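Put the two chains together into one complex; each comes in its own frame, and the hints tell you how they fit.
So you can see what is in the structure, the chains are spelled out below.
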Amino acid sequence: MIRVVRAEARKLRRRSLLLSTFATVGGLSGLFTTIVYLMINSKSGNSRRGERISALQLSQPDGLVYGFKLVGAFLGIVALCIFASQTAQEYTYGTLRNLLVRQPSRMKILIGKFISMKIYALLIVLFAGGFSIALSYALAGHAKVSTAKWSSHAALVILGQTTLNIFLSTLCFGTLGMILGLLFRSPISAIATGVLWTLILENIISALIANTAKWMPGQNFSNIGEGGSAIASYKYSLLISLIYLAAGSTLVAILFKRRDVAN
Amino acid sequence: MDKLAISATDLTKEYGERTALSHANFSVPAGTICGFVGPNGSGKTTTIRMLLGLISPTSGTGTVLGENISQPEKYLPKVGAMIEGPAFYPALSGLENLKVLATLGGFPLERAEELIGKVGLGDRGGSKFKTYSLGMKQRLGIAAALLPNPELLVLDEPTNGLDPSGIQEVRELIRDLANHGTTVFVSSHLLSELEMISEYLVMLREGKVIFSGKTQDLLAGAEPIIVAVPEYEVDLTKLVKLIEDSGHAVALRDGAVQVTSSKEWAPTLNRLAFEAGITLASISTVQQTLEETFFEMTEDEA
Chain A
992 MIRVVRAEAR
1002 KLRRRSLLLS
1012 TFATVGGLSG
1022 LFTTIVYLMI
1032 NSKSGNSRRG
1042 ERISALQLSQ
1052 PDGLVYGFKL
1062 VGAFLGIVAL
1072 CIFASQTAQE
1082 YTYGTLRNLL
1092 VRQPSRMKIL
1102 IGKFISMKIY
1112 ALLIVLFAGG
1122 FSIALSYALA
1132 GHAKVSTAKW
1142 SSHAALVILG
1152 QTTLNIFLST
1162 LCFGTLGMIL
1172 GLLFRSPISA
1182 IATGVLWTLI
1192 LENIISALIA
1202 NTAKWMPGQN
1212 FSNIGEGGSA
1222 IASYKYSLLI
1232 SLIYLAAGST
1242 LVAILFKRRD
1252 VAN
Chain B
737 MDKLAISATD
747 LTKEYGERTA
757 LSHANFSVPA
767 GTICGFVGPN
777 GSGKTTTIRM
787 LLGLISPTSG
797 TGTVLGENIS
807 QPEKYLPKVG
817 AMIEGPAFYP
827 ALSGLENLKV
837 LATLGGFPLE
847 RAEELIGKVG
857 LGDRGGSKFK
867 TYSLGMKQRL
877 GIAAALLPNP
887 ELLVLDEPTN
897 GLDPSGIQEV
907 RELIRDLANH
917 GTTVFVSSHL
927 LSELEMISEY
937 LVMLREGKVI
947 FSGKTQDLLA
957 GAEPIIVAVP
967 EYEVDLTKLV
977 KLIEDSGHAV
987 ALRDGAVQVT
997 SSKEWAPTLN
1007 RLAFEAGITL
1017 ASISTVQQTL
1027 EETFFEMTED
1037 EA
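Respectively, the protein sequence lines represent chains A and B. Count the first sequence with the numbering used here and you get residues 992 to 1254, in order. Count the second sequence with the numbering used here and you get residues 737 to 1038, in order.
If we strip away everything but chain B, and leave its shape as in the complex, we get (with noise of 0.2 angstroms):
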């Protein structure tokens, strides 16, 4: 088996009656791009709060860089994290912020001149930290966590803020660190921008791990969409009827119906059409993105 440079066993939180993460299980290879997904609330921040020492599990347990949890001064020192937004001292000018905490992790502070520069902020490390703007405060935010040449990076929505040229930067940044042998643990609302770097997947849903492993599995997994268009508009209700009389799921979008169904069903959705008396103007099958099988496996258990 791969070295881990994560893994959650039975990892649970409770905050009274409410559980925030509910028997955890996934694992992270070493040195890879790890995709951490799931909707608003489902226990994603509290996961990596819980891994980083920040708050204590309620039970289970997990090891980060082969440590235990418990023991987070064993590892914390190679890992590197921006937690849920970047929070630095206002008052303070950007570089002066990174200055502190290369101070209090004991690295060298021409580390801070040389990644104020590495995220773009080269020109404005010298001024107040409440004077920039949300992308150069997540800038400033990803400055930090490489602060320690990290072993494992954790990035809780990296993109935020940023523009298309920004988000560019960081999916280049996440796969250069990645390239050079640093595990990245990367949650994102940007499910695009996951499925294009990450190749392994942790999924949350209201607090429960759905799915935990490699990206190319999930999608795999999922069954494409057959994408079929009327050649007339009225027929799309009937067309809609149709398919669901023959009991497959169907949705209805920007003026064609999508079934959810194997690839091997479109001829017969054809035939079906042309006996019904609706010409169709096209049919396909499509693979579903990350985006459509998340919604898909987030929604439908919901």
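Looking at chain A on its own, in the form it has when it is part of the complex (with noise of 0.2 angstroms):
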């Protein structure tokens, strides 16, 4: 199992894929941190749906993570793309068989496969919370944001869940895109549905239908990032997802193990 874990690790640290992966991830950090800081005064809000988040509000021990918050819903359509086009390029370049003639335990390569994404997105959320603290600090005096709370016990409790939150969100979209890859065998089908269905289809069929949003797979997903909400409970979002991504993997499990490799 190790060895698929390096192997996959091998691909994965490959220079072009390690810099757009953290150009964007730290984009996006940078982004969503400065509009905060940033626009605190702008009448249009300085958060998601033109909710304005004021200095007081900050300077809270949670006030800490709240750049870090915004990016992480994001976060997780990046994983999505990310374990999507690593999963089905297997087949579009026709690689599965040779990682099958050199490793035929097909569960291995594809639990070795998984923890390696898993490590990665990992190491994405670090980063992407490393640079929107960084730089929520360095922008805090430019917004006269106090910043002695940010130190305390609570403020690094809160900095532990979310980022426990937040990785477990991007777990839960990139496990989906494994499994958008595993089904379609082909990145683009994969990633453009999972793109499609959690940031447009899931909305559209929420605000049209009542009472839907939480039952959405991508909804929950986003929900445990954000600890919950009045939509749904941590706990109830986390459950669903389980359910939903537990169905989903037996699935391809099954499908991986017994489908021929005829490309």
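No lab work stands behind these hints: they were computed from the structure. Quick caveat: nothing in here was measured; it's all calculated off a predicted structure. Hints may be right or wrong, so weigh each one.
Said to hold, decoys possible - Derived lysine to any residue pairs resembling SDA-like cross-links, with alpha carbons at most 20 angstroms apart:
#1 B:K810 x A:S1096
#2 A:K1099 x B:F843
#3 B:K810 x A:T1083
#4 B:K974 x B:A1002
#5 B:K810 x A:P1095
#6 B:K864 x A:S1076
#7 B:K814 x A:R994
#8 A:K1248 x B:E809
#9 B:K814 x A:P1095
#10 B:K864 x A:R1001
#11 A:K1002 x B:K974
#12 B:K814 x A:S1096
#13 B:K810 x A:R1249
#14 B:K814 x A:M992
#15 A:K1099 x B:P813
#16 B:K866 x A:R1005
#17 B:K866 x A:L1114
#18 A:K1002 x B:L845
#19 B:K810 x A:M992
#20 A:K1002 x B:A827
#21 B:K864 x A:R1004
#22 B:K866 x A:S1076
#23 B:K873 x A:T1083
#24 A:K1002 x B:E832
#25 B:K866 x A:R1004
#26 A:K1099 x B:E809
#27 A:K1002 x B:K814
Stated by the list, open to error - Covered stretches of chain B (in silico footprint by chain A; criterion: 3 or more residues with CB under 8 angstroms from a CB of chain A, positions within the stretch not fixed):
#28 783-790
#29 831-845
The C-beta atom is built at its ideal place from N, Cα and C for all residues, glycine as well.
Structure, rendered in structure tokens:
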């Protein structure tokens, strides 16, 4: 198993992928955190959907992770794209046959891939969080936000919880990407379906039909990152997400194990 | 009986109504070079994929290096394979691609570096795979197949895209491996190449094995060809009709008639031509090449 993880890591650490991923994550993290602090007095708001977050709110222990929470929702989409493409490309490049000749256990290939991508997702989350926090400190003075409570014990607990929640949320999106990659066996189809469903279709359906949001996988994945919301509790979203992903993973694992590798 | 590297017993693969391979029975003795030939779509790649555990047979069974093909994990660590052309990650260098497979297979990374040099990619090992020519990709595929220092090497069209010197290098590499005890199971469209190196042959047509055995037995069993050239070209048609009337298969090629028959019939042909007023400028018998035998076997039965 460890050999599969190390082999996958070799692919994931290629310069072009690392640069594009971390540039995207850094860009998003920087953008959202900067908006929170630089637009603090803007009438059009400095958070999602025009919400205004004041300097007083930001100076609380949870103010430290505000920017990080905002970017957290998008890290999931980044993970979905990476997990989907890294899985489906084995079919489009025809490289799956090479992998299976060198490691005939299909389950080891699948689990090894998942573990390596999980580590990659963790690095993405830590990088986004670290960058957002560093930027928050850098911009706090400009926005007249006190950072005194950011180093308190309560702030550290919130930071730990937020990092864990965002990591779990990112992992849920990534796992969905991997499931779609194995189902469609084409990176473009898998990414397009995943992004279209979670970013657009779920929102349309939730807006048109009442009480459907809490059943939507993407909404629940995002809700985990936020630590729960008025739509659904944190525990509920964890449970629903687990059910969806367990069902999806079981289905694709059976397909992956039984399907002929004919390309 | 010799130790077998590969054996297939009634191996069958069906995709719905279509039968890709039907009750294939053949064996490949260990330590030999065995050519695997057949027209496109005859089931060669399907067979190779089943032997490597990539697809499951509908029925029948097989063994590779003494292990059942239903348990590929038992024999694949000792098998190197290049199937249906080289497939690698375009954004990784050739060397890095090999290192991915070396890591996966648990082979030392130095082996990847050594093989890059062995297949003549030493100076381009650091270049991205997507920048490689077809011949370079093929060389990388062969290097990947050699990673485990295999007991059995399975190569599907290894000379595709290679220039004549590259083809010669592959031929020498295969011979060298066989001399050191590696069994090589190689499919190729270059039948003249296979004729030069293969001691054994497995021939497929429309999913069925039509020959399996020693190359020399196949060629010895094939009737020779009598090649006759009339002095005057205008006599060609007359000569063809004369041969056909005597009940022999004849073909017209490059100003000569080619008759599939035993060499003992050559004097009879000479006499018949003389009696018909045709002077033969030359008459000779030649042994059929593998290519000619292949066409005869795959076309006549079609």
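How the hints compare with the structure:
{"no.": "1", "hint": "B:K810 x A:S1096", "verdict": "holds (11 angstroms)"}
{"no.": "2", "hint": "A:K1099 x B:F843", "verdict": "holds (17 angstroms)"}
{"no.": "3", "hint": "B:K810 x A:T1083", "verdict": "violated (28 angstroms)"}
{"no.": "4", "hint": "B:K974 x B:A1002", "verdict": "holds (17 angstroms)"}
{"no.": "5", "hint": "B:K810 x A:P1095", "verdict": "holds (9 angstroms)"}
{"no.": "6", "hint": "B:K864 x A:S1076", "verdict": "holds (19 angstroms)"}
{"no.": "7", "hint": "B:K814 x A:R994", "verdict": "holds (17 angstroms)"}
{"no.": "8", "hint": "A:K1248 x B:E809", "verdict": "holds (14 angstroms)"}
{"no.": "9", "hint": "B:K814 x A:P1095", "verdict": "holds (12 angstroms)"}
{"no.": "10", "hint": "B:K864 x A:R1001", "verdict": "holds (14 angstroms)"}
{"no.": "11", "hint": "A:K1002 x B:K974", "verdict": "violated (69 angstroms)"}
{"no.": "12", "hint": "B:K814 x A:S1096", "verdict": "holds (15 angstroms)"}
{"no.": "13", "hint": "B:K810 x A:R1249", "verdict": "holds (19 angstroms)"}
{"no.": "14", "hint": "B:K814 x A:M992", "verdict": "holds (19 angstroms)"}
{"no.": "15", "hint": "A:K1099 x B:P813", "verdict": "holds (15 angstroms)"}
{"no.": "16", "hint": "B:K866 x A:R1005", "verdict": "holds (14 angstroms)"}
{"no.": "17", "hint": "B:K866 x A:L1114", "verdict": "violated (28 angstroms)"}
{"no.": "18", "hint": "A:K1002 x B:L845", "verdict": "holds (15 angstroms)"}
{"no.": "19", "hint": "B:K810 x A:M992", "verdict": "holds (16 angstroms)"}
{"no.": "20", "hint": "A:K1002 x B:A827", "verdict": "holds (9 angstroms)"}
{"no.": "21", "hint": "B:K864 x A:R1004", "verdict": "holds (15 angstroms)"}
{"no.": "22", "hint": "B:K866 x A:S1076", "verdict": "holds (18 angstroms)"}
{"no.": "23", "hint": "B:K873 x A:T1083", "verdict": "holds (17 angstroms)"}
{"no.": "24", "hint": "A:K1002 x B:E832", "verdict": "holds (9 angstroms)"}
{"no.": "25", "hint": "B:K866 x A:R1004", "verdict": "holds (18 angstroms)"}
{"no.": "26", "hint": "A:K1099 x B:E809", "verdict": "holds (12 angstroms)"}
{"no.": "27", "hint": "A:K1002 x B:K814", "verdict": "violated (24 angstroms)"}
{"no.": "28", "hint": "783-790", "verdict": "holds (count 4)"}
{"no.": "29", "hint": "831-845", "verdict": "holds (count 8)"}
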